[in-house]
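J.: Heads up: the protein sequence lines correspond to chains R and U, in order. Note that the working numbering has the first sequence beginning at 1365, numbered continuously upward. Note that the working numbering has the second sequence beginning at 53, numbered continuously upward.
Treat the hints loosely; a few may be bogus.
Said to hold, decoys possible - Simulated pairs of lysine-lysine, BS3-like, Cα-Cα distance not exceeding 27 angstroms: (1) K1502/R with K1410/R; (2) K1502/R with K194/U; (3) K1410/R with K1391/R; (4) K1516/R with K155/U; (5) K1516/R with K70/U; (6) K1502/R with K1391/R; (7) K155/U with K70/U; (8) K70/U with K194/U; (9) K194/U with K155/U.
As the list claims (entries may be wrong) - Some chain R residues near chain U, calculated using beta-carbon distances under 8 angstroms: (10) L1513; (11) A1515; (12) Q1519; (13) N1536; (14) D1537; (15) M1541; (16) G1579.
No wet-lab data here; the hints were simulated from the structure. All of these numbers come straight from a predicted model, not from anything done at the bench. We put the CB at the ideal spot given by N, CA and C, even for glycine.
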Amino acid sequence: MIRALTIAAAVLAGSIALQTAHAQELKEIEIERISGRAPFVPDPNKAYLLVETRNLRAATFTFVKAADGAGGADPANATGYIEIAGNHFANEDGVVSVRLFAVPPGEYFFSSLTWQWLPVDVDCACMGTVRFPVELGKVTAIRVETAILDAKGEQIGVGNIGDAIPDGRHENDLFAMRGIAVGHPTSALLRGRVDDQYIEPARLAPVAELPNWFGRQINRVLPIPGVLDYEGDRMVDLRGRD
Amino acid sequence: MPDLSFVESESDIANYDKYFYFHRADTAFPEALRDIRECDARARRMWRGEAADKQEIAAGPYGLVGAAAQAFIFGPAQDRLFRRANLRRCMFFKGYSRYGLAKPNWEAFNFQRVDGDLVEADIQAMLVRQALVASGPAPGAKALGL
């Protein structure tokens, strides 16, 4: 009886807003591709974002630019986004790619990355992501790629092509058992292309929740040592901890 | 309480990636209902967050016309696929385990996708029953994981 009353009360009182919300207006921000074979020297009056990835098939990455000034830490105040697509500033064929773009300086939230072919098959880091500053005269470097997961949620592969995906995995498991790996670049692709003095590994800060601005698939960034972890769906800030 | 009893067949096992329910130990019904409603709303791109001023869109990256075009091109199969994946991930993040179910049992309190025949009241009634299961007796079956 008590359980029945509890259930009835919860059903009556526990409703959440399910109406279709209005779109928060986000405008795409123009960015500049950086290419060429010569060693790259940044313009001190420009800011650069470098993305290393093992998502090699039609990969597009969306970063949302935080509002400048007070309130910038709240994603709800953001008004613009950039899309990193194409452009292989450097790559090891079939293994890893690096994209480099000049972008407006400021704070950015990592928002989403494409999986494979379908235009809606894009993972949003809506239930856990990171933000980081991109500053003038520096090449801010971040690594973003799909993490192939096992049934325990542990990473067993990376990227969106060939060997990353276990043989025989059913379509439903293929879609469900993937996460987003974010960190600093780990490849040697930048040697001889960008001097170390210009590279700033992205200073990552945890962000527990991000609006699903683009109506994409629900996902989150995997735990990052020294930056973030999770207790269930609650994000834990690891910065400053031993 | 939905009927979860069935005699497991090879066909059932092969379809556990599609037909399943969630359960988490030591979880009260109101909490399970809140979690299931949240994950359902996220899967339908209708989640607005805890705060009223957080807003999300439901149209998708190509707007309402683009969403309609995508639905036409890729169809209901894609909707079902994404709904399953989003629910599995969201509930996994919240610490729920997933257990396989025979299709007839599953169909009694679940839906594959929102279409014209399914009204919101029906959906909410199904979510209540899913929450009853999620907060109910511990399953005897083996958890499937993510």
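J.: For every hint, state whether the structure bears it out.
T.: So, going through the hints one by one against the coordinates:
Distance check on the hinted pair: K1502/R and K1410/R sit about 8 angstroms apart at the alpha-carbon level, within 27 angstroms; holds. Straight-line distance between C-alpha atoms of K1502/R and K194/U comes to about 52 angstroms, which puts the hinted pair past the 27 angstroms bound. Simply put, K1410/R and K1391/R have alpha-carbon atoms about 21 angstroms apart, close enough for the 27 angstroms limit, and the pair holds. Of the pairs offered as hints, the one joining K1516/R and K155/U holds, with about 24 angstroms between alpha carbons and a cut-off of 27 angstroms not exceeded.
Simply put, K1516/R and K70/U have alpha-carbon atoms about 18 angstroms apart, close enough for the 27 angstroms limit, and the pair holds. For a cut-off of 27 angstroms, the pair hint linking K1502/R to K1391/R stands: about 25 angstroms separates their Cα positions. Our distance criterion of 27 angstroms between C-alpha atoms is met by K155/U and K70/U, whose separation comes to about 9 angstroms. About 16 angstroms separates the Cα atoms of K70/U and K194/U, which keeps this hinted pair within 27 angstroms; it holds.
Between the alpha carbons of K194/U and K155/U the distance comes to roughly 17 angstroms, so the proposed pair stays at or under 27 angstroms and holds. Hint status for L1513/R relative to chain U: holds, with the closest Cβ pair at about 6 angstroms, below 8 angstroms. Using the Cβ-Cβ criterion of 8 angstroms, the hint placing A1515/R at the interface with chain U is satisfied: the shortest such distance is roughly 3 angstroms. Look at Q1519/R: its Cβ only gets to about 12 angstroms from chain U, farther than 8 angstroms, so that hint breaks.
With a least beta-carbon distance of about 4 angstroms to chain U, the hint placing N1536/R at the interface is held under the 8 angstroms criterion. The beta carbon of D1537/R is positioned within 8 angstroms of a beta carbon in chain U (closest approach about 5 angstroms), and the interface hint is therefore held. The beta carbon of M1541/R is positioned within 8 angstroms of a beta carbon in chain U (closest approach about 5 angstroms), and the interface hint is therefore held. Against a cut-off of 8 angstroms between C-beta atoms, the interface hint on G1579/R holds, since the closest Cβ of chain U lies about 4 angstroms away.
Comparing the model with each earlier hint shows violations of hints 2, 12; every other hint is respected.
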